[in-house]
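Read top to bottom, the protein sequences are chains A and B. Residue 90 in our numbering sits at position 90 of the first sequence; the count goes up by one each step and never skips. Residue 41 in our numbering sits at position 41 of the second sequence; the count goes up by one each step and never skips.
Source of the hints: derived by calculation from the structure; they are not laboratory data. Treat each hint with caution, since some may be false.
[Claimed, not checked] Straight-line Cα separation of at most 27 Å, DSS-like style, residue types lysine-lysine; simulated pairs: (1) A/K42 <-> B/K58; (2) B/K69 <-> A/K42; (3) A/K83 <-> A/K57.
[Said to hold, decoys possible] Reference excerpt, derived from the structure (chain A facing chain B, CB under 10 Å, subset only): (4) F45; (5) S48; (6) S58; (7) F65; (8) C92; (9) S95; (10) Q108; (11) G109.
[What the hints assert, rightly or not] Derived, one-sided and incomplete: chain A residues facing chain B with beta-carbon distance under 10 Å: (12) P8; (13) Y35; (14) Q41; (15) A104; (16) F105.
Yeah, the Cβ is synthetic: ideal placement off N, Cα and C, and Gly gets one too.
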Amino acid sequence: EPEVTQTPSHQVTQMGQEVILRCVPISNHLYFYWYRQILGQKVEFLVSFYNNEISEKSEIFDDQFSVERPDGSNFTLKIRSTKLEDSAMYFCASSPTGGRGTEAFFGQGTRLTVV
Amino acid sequence: AQSVAQPEDQVNVAEGNPLTVKCTYSVSGNPYLFWYVQYPNRGLQFLLKYITGDNLVKGSYGFEAEFNKSQTSFHLKKPSALVSDSALYFCAVRDSAVAGFQKLVFGTGTRLLVSP
Chain A
1 EPEVTQTPSH QVTQMGQEVI LRCVPISNHL YFYWYRQILG QKVEFLVSFY
51 NNEISEKSEI FDDQFSVERP DGSNFTLKIR STKLEDSAMY FCASSPTGGR
101 GTEAFFGQGT RLTVV
Chain B
1 AQSVAQPEDQ VNVAEGNPLT VKCTYSVSGN PYLFWYVQYP NRGLQFLLKY
51 ITGDNLVKGS YGFEAEFNKS QTSFHLKKPS ALVSDSALYF CAVRDSAVAG
101 FQKLVFGTGT RLLVSP
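Let the sequences and hints guide you as you build the complete structure.
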């Protein structure tokens, strides 16, 4: 069964450093997403991406965040200057369409620890 | 703004007994409701969804959920729990009336513990 894969599974970075989280969405999907879950809190939407541009973003997704689909298969989330409060589990997801009734398929997550 | 509430942090049930994991929602328009499950060190796995139509929705692994518009609820159920059902369960919603249609809003999650 096709699945969304994320690398690395765990990343530790120093505060102020840039970090790139990588995802390979399911191959025939057209919509891509990043969500995050701070330990013990809700899963929160960050951004959605379609046709090589951001289609929707949350208030969390400020200028320190960016997304890119550099090569037609990978989908990346870059955090430019990490802060302690960026420590969270980051989930990538994809869906075949962008309709409200369409479920998203999630990867296993990358645990980011900022020290 | 749309929101989801999962009032129980944890649900304990004995194997073979029926289980219910509760979810209530708040939306301006029509709800699109989803249940996901998260096993340790795994991502969120889709279980089932309600879009329209029959209020009882059947999904993966024998789970089902009942949409109740008057009570704004979408409780997850299974007639006979298995130890392997032990996991973290998330309810999520999209609101038809909210501009921008892709954002899934999640509840805080309910840990299901099925004892042998």
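We went through each hint and held it up to the structure:
1. A/K42 <-> B/K58: It holds: about 25 Å lies between the C-alpha atoms, which stays within 27 Å.
2. B/K69 <-> A/K42: Holds: B/K69 and A/K42 sit about 24 Å apart, inside 27 Å.
3. A/K83 <-> A/K57: Within the cut-off at roughly 20 Å; holds.
4. F45: holds (4 Å)
5. S48: Constraint on A/S48 satisfied, holds at 4 Å.
6. S58: Given a least distance of 7 Å, the restraint on A/S58 holds.
7. F65: Status violated, d = 15 Å.
8. C92: holds (9 Å)
9. S95: holds (8 Å)
10. Q108: Holds, because the Cβ-Cβ distance from A/Q108 to chain B comes to roughly 4 Å (cut-off 10 Å).
11. G109: With a minimum Cβ separation of about 6 Å from chain B (threshold 10 Å), the hint on A/G109 holds.
12. P8: Since chain B brings no Cβ nearer than about 13 Å to A/P8, farther than 10 Å, the hint is violated.
13. Y35: Given a least distance of 8 Å, the restraint on A/Y35 holds.
14. Q41: Because about 7 Å separates A/Q41 from the closest Cβ in chain B, which is inside the 10 Å limit, the hint holds.
15. A104: Holds - the Cβ of A/A104 comes within 10 Å of chain B, reaching about 6 Å at its closest.
16. F105: Since the shortest Cβ distance to chain B is 7 Å, the answer is holds.
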